[in-house]
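Q: Each chain, letter by letter, is given below.
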Amino acid sequence: DGGITQSPKYLFRKEGQNVTLSCEQNLNHDAMYWYRQDPGQGLRLIYYSQIVNDFQKGDIAEGYSVSREKKESFPLTVTSAQKNPTAFYLCASTPSSAYNEQFFGPGTRLTVL
Amino acid sequence: AQTVTQSQPEMSVQEAETVTLSCTYDTSESDYYLFWYKQPPSRQMILVIRQEAYKQQNATENRFSVNFQKAAKSFSLKISDSQLGDAAMYFCAYRSALMNRDDKIIFGKGTRLHILP
Chain A
1 DGGITQSPKY
11 LFRKEGQNVT
21 LSCEQNLNHD
31 AMYWYRQDPG
41 QGLRLIYYSQ
51 IVNDFQKGDI
61 AEGYSVSREK
71 KESFPLTVTS
81 AQKNPTAFYL
91 CASTPSSAYN
101 EQFFGPGTRL
111 TVL
Chain B
1 AQTVTQSQPE
11 MSVQEAETVT
21 LSCTYDTSES
31 DYYLFWYKQP
41 PSRQMILVIR
51 QEAYKQQNAT
61 ENRFSVNFQK
71 AAKSFSLKIS
81 DSQLGDAAMY
91 FCAYRSALMN
101 RDDKIIFGKG
111 TRLHILP
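Protein sequence lines, in the order shown, are assigned to chains A and B. Note that the first sequence covers residues 1 to 113 in our numbering. Note that the second sequence covers residues 1 to 117 in our numbering.
In case anyone wonders, no lab produced these hints; they're calculated from the structure. Be a bit skeptical, because a hint or two may be false.
In silico DSS-like pairs for lysine-lysine, Cα to Cα no more than 25 Å straight-line [unchecked claim]:
| id | chain 1 | residue 1 | chain 2 | residue 2 |
| --- | --- | --- | --- | --- |
| 1 | A | LYS71 | B | LYS73 |
| 2 | B | LYS73 | B | LYS55 |
| 3 | A | LYS70 | A | LYS9 |
| 4 | B | LYS55 | B | LYS104 |
| 5 | A | LYS71 | A | LYS83 |
| 6 | A | LYS14 | A | LYS71 |
| 7 | A | LYS57 | B | LYS78 |
| 8 | A | LYS57 | B | LYS55 |
| 9 | A | LYS70 | A | LYS14 |
| 10 | B | LYS78 | B | LYS55 |
| 11 | A | LYS9 | B | LYS109 |
| 12 | B | LYS104 | A | LYS70 |
| 13 | A | LYS57 | A | LYS71 |
| 14 | A | LYS83 | A | LYS57 |
| 15 | A | LYS83 | A | LYS9 |
| 16 | A | LYS83 | B | LYS109 |
| 17 | B | LYS104 | B | LYS73 |
| 18 | B | LYS78 | B | LYS109 |
Derived coverage of chain B by chain A (criterion: at least 3 residues anywhere in the stretch with Cβ under 8 Å from a Cβ of chain A; other residues may be distant) [said to hold, decoys possible]:
| id | segment |
| --- | --- |
| 19 | 45–58 |
| 20 | 103–109 |
Computed footprint of chain B on chain A; a stretch qualifies when at least three of its residues, placed anywhere within it, have a C-beta under 8 Å from a C-beta of chain B [what the hints assert, rightly or not]:
| id | segment |
| --- | --- |
| 21 | 44–53 |
| 22 | 84–97 |
The beta carbon of each residue, even a glycine, is placed where N, CA and C say it ideally should be.
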């Protein structure tokens, strides 16, 4: 089945530790995105990438980093510089046609203790 | 820059009734796409309906339909015969038809819809 996988579903980390969230897609989509969602809130864009080895900061990039070494993968690292990292993180991808919607992964709930 | 506004943070509707969720957007572009997404308690984002700006005809998908008013930059979602499974957060979204390096989808803040049995 084609789709986007995010692992793990729940992640716990101690304060001050970096943590990397995985996002993999087998849809052959060019563009990939990371969003943060806080309780009862909308989606805030962290980083996005249109092609391999290139990515752009979104609205709330501070304290986060990404890489795009492969088309299928777009991992997000939440660094210790992120002041409030506890949140729900969604990964998405889109095909190159603007007609198409974003496809979303199931999300990762990160809790920093 | 484009913006999407959903002015109703929460709404409630009686089961089997009809409800309309509002969305307005701002853009200087003439060609774009609009979407409604549903996020149920599972938090999996699901596409509900899509509208191409160049089409005058309003999109429909079973019980879901839109009222697209391009001049007013309005894109409301109507849910008919509301069901308990429709309870979710609904997001309105905009995507430019211009494909460039800065391509991203702009989301509204969402409307939480409660279905009353």
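Q: Indicate, hint by hint, whether the structure satisfies it.
A: Hints and how they fare:
| no. | hint | result |
| --- | --- | --- |
| 1 | A:LYS71 <-> B:LYS73 | violated, 35 Å |
| 2 | B:LYS73 <-> B:LYS55 | holds, 14 Å |
| 3 | A:LYS70 <-> A:LYS9 | holds, 22 Å |
| 4 | B:LYS55 <-> B:LYS104 | holds, 22 Å |
| 5 | A:LYS71 <-> A:LYS83 | violated, 30 Å |
| 6 | A:LYS14 <-> A:LYS71 | violated, 31 Å |
| 7 | A:LYS57 <-> B:LYS78 | violated, 35 Å |
| 8 | A:LYS57 <-> B:LYS55 | violated, 33 Å |
| 9 | A:LYS70 <-> A:LYS14 | violated, 29 Å |
| 10 | B:LYS78 <-> B:LYS55 | holds, 18 Å |
| 11 | A:LYS9 <-> B:LYS109 | holds, 23 Å |
| 12 | B:LYS104 <-> A:LYS70 | holds, 20 Å |
| 13 | A:LYS57 <-> A:LYS71 | holds, 18 Å |
| 14 | A:LYS83 <-> A:LYS57 | holds, 17 Å |
| 15 | A:LYS83 <-> A:LYS9 | holds, 22 Å |
| 16 | A:LYS83 <-> B:LYS109 | holds, 22 Å |
| 17 | B:LYS104 <-> B:LYS73 | holds, 19 Å |
| 18 | B:LYS78 <-> B:LYS109 | holds, 18 Å |
| 19 | 45–58 | holds (count 4) |
| 20 | 103–109 | holds (count 6) |
| 21 | 44–53 | holds (count 3) |
| 22 | 84–97 | holds (count 6) |
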